[in-house]
Amino acid sequence: MDSILIQLLNGLDKGGAYALIALGLTLVFGTLGVVNFAHGALFLIGAFCAVTFQKILTFSKKVLDPNITFFDAYIEQPYLELWFGETGLAIIDYAVPLSIIVTIPTMMLIGLAMERGLIRHFYKRTHAEQILVTFGLAIVLQEIIRHFFGANPIPTPAPDIVSGSAAIGTWIGLGENFVYPWWRLIYLASATVIISSVFAFLHLTTFGMVVRAGMFDRQMVAFLGINVQRKFTIIFGLAAVVAGVAGAMYAPILPPDYHMGMDFLVISFVIVVVGGMGSLRGAVAAGFLLGILQSLASMTVVSSLLPGIDQIIIYLVAVVILLTRPRGLMGRKGVMEN
Amino acid sequence: MSDKQNITRRQLIQAGSAVAATPMFFTKNAWAAESFANDPGDSATVTLGFNVPQTGAYADEGADELRAFKLAVKHLNGEGDGGLMNTMKPMSLTGNGILGKKVTYVTGDTQTKSDAARASAKRMIEKDGVIMFSGGSSSGVAIAVQGLAQELGVLFMAGLTHSNDTTGKDKRRYGFRHFFNAKMSGSALGPVLKEEMGTERKAYHLTADYTWGWTQEQSIQETTEGLGWTTTAKVRTPVGAGDFSQFITPVLNSGADTLILNHYGKDMINSLTQAVQFGLRDKQVNGKNFEIIVPLYSRLMAQGAGKNLEGILGTANWDWQLKDEGSIAFVKSFGSEYGFPPSMAAQTCYVQTLLYANACENAGTFYPPKVIKQLEGFKFDGMGNGPTEYRAEDHQCFKDVLVVRGKKNPQSSYDLLDIVKEVPRADVEYDASIFGGELGPYIV
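For the protein sequence lines, the chains are F and X, in the order given. Note that the working numbering has the first sequence beginning at 36, numbered continuously upward. Note that the working numbering has the second sequence beginning at 4, numbered continuously upward.
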């Protein structure tokens with residue numbers, strides 16, 4: 036029983052990451068009509084915002100290591116520790132949560148620059164051309180990251196206070212084997228808050244109402260004298276922020292490396308298709324659903340019956356959905372059905 | 004009869020020679036016994052190929068290998084401080100290139116993909132005219148290009164490859180491995196595991212699903228079951244899975260008290276980080292502390308795993324902290340050149356380059372069959388790891404193996420491993436026939 040619950044929780048957690056990326060993808064597709072293959076790179080940049088912030092906080096004074104005499108080897112001591120002692124170390128310990136503060140404006144700026152500088156030139160091009168140019172951009176961005184940070188994953192730990200696991204099983208009387216990492220629980224909670232905030236923003240504000248109206252009929256909204264384009268540009272920035280924060284918070288779960296954006300992008304696109312192109316609710320629902328399915332499929336009892344099923348379950352579901360309901364789970368009739 | 008009487012002695016000799024020579028027309032390379040691929044002939048230079056991962060998950064390891072190769076070329080050409088050419092014994096190298104020819108090199112990118120590595124090696128051989136090529140950070144790649152080496156008759160001096168298959172069932176006459184293998188890791192780890200963890204444990208394997216993972220899983224399982232441990236489960240994970248949480252959560256309820264991660268590089272960093280996050284190292288199972296073992300790891304991986312690696316046992320081919328004459332000379336040379344110590348991948352690539360060059364000097368030719376015969380059974384010292392031998396039967400080097408442990412409170416980004424034990428070569432040797440395979444012919 037507890038093994039199923041752990042996998043459910045794991046699926047929700049994984050689904051949270053998928054849903055956050057898929058949500059941004061859907062926002063961009065729904066508003067601007069752009070199939071943005073560079074969206075995974077925004078997740079990557081977010082993760083590297085956390086890495087960079089950590090590197091800044093741990094910028095160290097290098098002292099020659101007296102134990103190594105045959106070449107100049109250094110012992111590293113962070114300046115923050117030298118200047119502020121224990122307080123400095125505590126600030127370093129909270130590098131990831133603190134990095135969110137700089138990630139939000141950074142990602143907004145990157146999003147706006149990307150949309151104004153490149154994406155807007157491809158609004159009227161075919162989806163194939165949009166995919167080609169955004170995929171190329173994603174490759175350029177990941178290679179820039181590799182150039183500056185190398186190819187190896189970079190450890191970006193969560194604060195010590197949440198580095199262990201929560202004894203959920205003990206709390207609810209299911210035994211001590213039902214444990215789950217604190218940071219993953221925080222990630223799941225944060226994903227829920229971010230997704231809810233985006234929906235609230237779109238449904239409870241005038242700005243959101245205009246955006247939703249623009250997604251439904253852009254021309255009509257423009258006829259009413261509203262500058263829809265500017266609002267959509269801001270939405271692109273918002274999608275970048277969502278992806279970036281998702282990436283920064285994911286850094287302690289998966290040490291970031293230059294390829295992590297691509298790893299998530301493919302699955303997220305499948306999720307968008309399963310959820311229904313342009314459907315925000317569909318993207319979120321499909322993200323969580325496929326995360327859970329993938330997790331359950333990797334249970335020993337399942338994988339021993341169907342070896343490798345955990346690797347293909349997402350694509351299998353996508354095939355079934357596309358065959359039986361081409362517009363996806365919650366897609367609008369007529370949108371991307373052919 | 005009269006016809007026979009008319010045959011002159013000259014005609015008889017001509018006819019006899021023709022008959023004697025006839026089968027030779029149908030034997031490849033029969034007329035030029037020492038005609039071989041990319042013979043440098045009268046050229047003043049000879050070209051080596053360094054085929055390393057310059058992109059992809061092992062790019063950092065590839066970069067370090069490339070640094071080592073460049074240093075080796077420098078030393079072969081008589082530049083720099085000479086590095087291991089000051090300590091290698093016996094040695095025929097003079098610092099005047101190889102056989103008096105200046106050494107040049109070309110590089111290729113394997114991308115850690117067998118097909119890309121093979122294409123790159125083929126380009127080096129057919130277009131750049133390399134006389135030998137080396138490199139790699141994956142057994143899949145090593146096995147793929149080793150096959151190509153045999154087909155085209157150009158030597159491959161393998162870099163980092165740890166699968167038993169490289170010098171086991173997939174061994175080739177034109178392939179040589181200085182690096183140790185999974186079987187040797189198991190043999191080295193066994194006594195330490197027994198001493199530190201006892202004889203009654205339940206092991207759960209997570210294994211990278213390709214040749215290296217399979218052979219390491221098998222070797223470690225043989226070792227641990229030999230100690231009296233039982234194997235609870237062996238789960239194969241896709242290479243580059245990223246998030247391993249779905250594979251780690253079943254461990255919690257499996258009854259296992261030991262997790263063995265047969266992962267390398269990025270996979271190992273991710274799986275270990277996530278295993279620690281799930282609290283495995285804080286668990287008590289079967290009345291014992293839950294333990295994690297990483298049978299193969301390197302300093303570069305330790306940098307990625309950070310403090311998660313603290314206290315975890317594994318094995319290594321070599322470490323820059325060794326205090327033998329050869330290791331000190333190499334670390335000094337590499338450290339002076341680049342400002343940080345070399346990785347074990349760098350050390351094996353540097354040594355392989357020098358060993359090849361030395362074999363050519365000993366053979367007095369670049370002709371591969373003669374160079375191969377010089378390498379087969381070659382015994383040497385002063386290159387790190389103590390007295391070493393290239394076993395003729397499978398082209399596997401035998402030398403001391405290190406059992407290492409992730410260091411607690413490291414003081415710098417490369418001071419990450421403690422050497423627990425230097426396991427003598429005799430303890431990791433095995434019968435060459437156990438893995439099968441055929442080396443193949445000398446002349447191709």
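No lab work stands behind these hints: they were computed from the structure. Being a predicted model, the structure only gives us computed values, none of them experimental. Virtual Cβ for every residue (Gly too), placed ideally from N, Cα, C. Incorrect hints may have been included.
Claimed, not checked - The calculated DSS-like cross-link candidates involving lysine-lysine, where the alpha carbons are at most 25 Å apart (straight line), are:
hint: 1; chain 1: X; residue 1: K286; chain 2: F; residue 2: K159
hint: 2; chain 1: X; residue 1: K291; chain 2: F; residue 2: K96
hint: 3; chain 1: F; residue 1: K97; chain 2: X; residue 2: K205
hint: 4; chain 1: F; residue 1: K97; chain 2: X; residue 2: K237
hint: 5; chain 1: F; residue 1: K90; chain 2: X; residue 2: K335
hint: 6; chain 1: F; residue 1: K97; chain 2: X; residue 2: K92
Claimed, not checked - Listed next, with one range per pair, are the computed distances between beta-carbon atoms:
hint: 7; chain 1: F; residue 1: A148; chain 2: X; residue 2: D45; range: 57 to 63 Å
hint: 8; chain 1: F; residue 1: A125; chain 2: X; residue 2: Y341; range: 52 to 58 Å
hint: 9; chain 1: F; residue 1: A163; chain 2: X; residue 2: G103; range: 57 to 63 Å
To be verified - Covered by chain F, according to a simulated footprint, are these stretches of chain X (three or more residues, beta-carbon under 8 Å):
hint: 10; region: 141-153
hint: 11; region: 289-301
hint: 12; region: 382-388
Exercise for the section: Enumerate the violated hints, using their earlier numbering and listing them in ascending order. Expected result: Failing hints, ascending: 1, 2, 3, 4, 5, 6, 8, 10, 11 and 12.
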